[in-house]
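A.B. asks: Read off the chains here:
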Amino acid sequence: MGFLILLIAFVLTFPLYGGARTRVLITMLVYAILAMSWAMFSGTTGYMSLAPAAFFGTGIYTTYLLQNHLPLPIIIVAAGLISFVLAVLLGLVTLRLKGIYFTIFTFGLVVFIPNVVTYVEGEVTQHHGWYFNVLDRTIILYTMLGLAVVTVLAIYLIRRSRLGLAMQSIGGNEEAAEHMGIDTTRTKVLTFAISAIFMGAAGAVLAPSLSYSNPTIAYSAFYSFVPIVAAVFGGMGSLQGPIVGGLLFGFLEKTLKVEWNTYFMLGFGIIIVLVILFLPTGMVGLVPILRDKLGGAISKWRKGREGEQHANT
Amino acid sequence: MAEAERLLGLITIGILAGGVYGLLAVGLSLQIGVCRVLNITHGEFLMLGGILTFTFSQLGINPLLAPVIVGPILFGLGFLLQATLFRGVKARVPSPSAFEGNALLAAFGVMYVIQYLARIRFGTQSLPSQYLTQPVPYVGINLAVNLIVGFAIAAALGIAVYLFLTRSRVGKAIRATAEDPPTAELMGVNTNTILAVCFGLGGLLAAVAGTLVSMRTPVSTAMGFNNTVIALIVVTLGGLGSVPGSFIAGIIIGIVSMLVAGLWESVLIVPVYYAMLMVLLLVRPTGILGKK
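Residue numbers (our numbering), protein chains in the order written: chain A, 1 to 313; chain B, 314 to 605.
Calculated directly from the structure, the hints in this document are not laboratory data.
Hints should not be assumed to be uniformly reliable.
Claimed, not checked - Each computed EDC-like pair below joins lysine to aspartate or glutamate, with the alpha-carbon atoms no more than 20 Å apart:
1. A:98 <-> B:498
2. B:403 <-> B:493
3. B:403 <-> B:498
4. A:293 <-> A:178
5. B:403 <-> B:318
6. A:98 <-> B:493
Source: prediction; values computed, not measured.
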């Protein structure tokens, strides 16, 4: 919690010391939100969703469609609701099936929606490319921060609720969970849809900082992969892990990717493989290990000194 | 009359092109069904197959002979991936049910590694790899020779894999491992080797599919992802673990893609696949020929 407050304070005062880097900070927050929401569902239940890009892109598209008709706060809520409905529909069809079908379906969704949107735009509206009414970056930054805080709180509460426990038992052993009287399908569909709200809302908030987008960019599969990598890297079993991973990854991407794109992505792949193999609990999992090791070393050292003192007296 | 001829032409091309999808899907089906790895690097293996075929053709090796070299290389890569990486993941997961998820995430890392190493070596431009493009007249349209040859090779290889799985001793061991690994182990099957062979075989089939695709269209290092999506759809449509199912689904997908592109709009090809998959999963969750 202390870490979180420090972070909020930092972001709030950020424009005072580095306005030019606002963009980096916005990206970091977006990735943190995506990673947290992804981990809330997939990290806990074990159903691997590859759909974040579908919800995120839908958020961006919602802002584009509604920007001249409604104020931004309402658009953000609308984007969250649309993503929620989309996720419920997808969940009802696929979450009764085995995990593998769910993954394949969510993967397909990322290809399905942008193609349909492209088709509809070509046939109906004849518009190509989306232009946004540009907003001041500081406002976007603060809105994104607000959304991130709401996301953290919501996920924190869900993890502690009956729903969160139900999710965990599904991740542990779905059949057993069912026998304990948990409505597993309902739990899965509901939590998957809740996680989609934040992803859609993040897209809606980000959109005005883009100035230009189109279906291929907005629904880029990259946005499905980033939260997964960030969550795995940070540690997807905890609340802090995905936040740390998302912030770190957003920072690295914005500072390194421009110059080092190919090698950056290569390193990205190597890191995932290594983390999965050797550090399944992620970077956050390192903290207790280090604490144990360091703590052990320190107490040993203390004991050693005490022993020496005893020997001396 | 001309309309009917055109339809017949589109369907024929679709069937011929669909054979390659079927071949690609058989490989993925083995990896998912036996190794339990949702291998999203499958399209990257196809990409490597296509790019290597082109590279060898520059050195004067006929693309039709390329599978003899490319196949074993990618068999080796697949074998190694399963024998080291996925076996390692399996040994380290807290519970068996967590394996599928972690294996997917690891595969995901491998996808990036393969794709970007290929980019560093070969760049991102399209490489003109077409071969055997001479037309063969057929009811009002022209079929390229590569289309017919590609289908023949895919079908022959598909039948070979089917016979291998159903008739040979190793095939029997593979089926036993897919069904019940601990029991297979007790019967004297070295399941680790069998899993690695399966994964390697999947890589080999993707590589040959890559060669066949490279004869028809230019190849590039970015082509893997879309082929992964197609392979996943075909596998699900055909039913996991069924060789004939994969081929039937591949051919259906081939026909649908030609009809949608020819009569409607090519941007809608993937959405239509997806809608078909959705309907099928609602009606018959195990795919066309899948068991249970």
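A.B. asks: Going straight from one Cα to the other, do residue 403 (chain B) and residue 318 (chain B) come out at no more than 20 Å?
C.D. replies: Roughly 54 Å between the alpha carbons, so the hint for residue 403 (chain B) and residue 318 (chain B) is violated.
A.B. asks: CA of residue 98 (chain A) to CA of residue 493 (chain B), is that 20 Å or under?
C.D. replies: holds (18 Å)
A.B. asks: Does residue 178 (chain A) lie within 20 Å of residue 293 (chain A) when you go C-alpha to C-alpha?
C.D. replies: violated (40 Å)
A.B. asks: Does the alpha-carbon distance linking residue 403 (chain B) and residue 498 (chain B) stay inside the 20 Å limit?
C.D. replies: OK: residue 403 (chain B) and residue 498 (chain B) at ~16 Å, within 20 Å.
A.B. asks: Given the proposed pairing of residue 403 (chain B) with residue 493 (chain B), does the C-alpha separation stay at or below 20 Å?
C.D. replies: Given that 20 Å is the threshold and the Cα spacing comes to 16 Å, the pair holds.
A.B. asks: Please work out if residue 98 (chain A) and residue 498 (chain B) have their alpha carbons no farther apart than 20 Å.
C.D. replies: violated (25 Å)
In terms of the numbered hints stated before, the structure departs from hints 1, 4 and 5, listed from lowest to highest.
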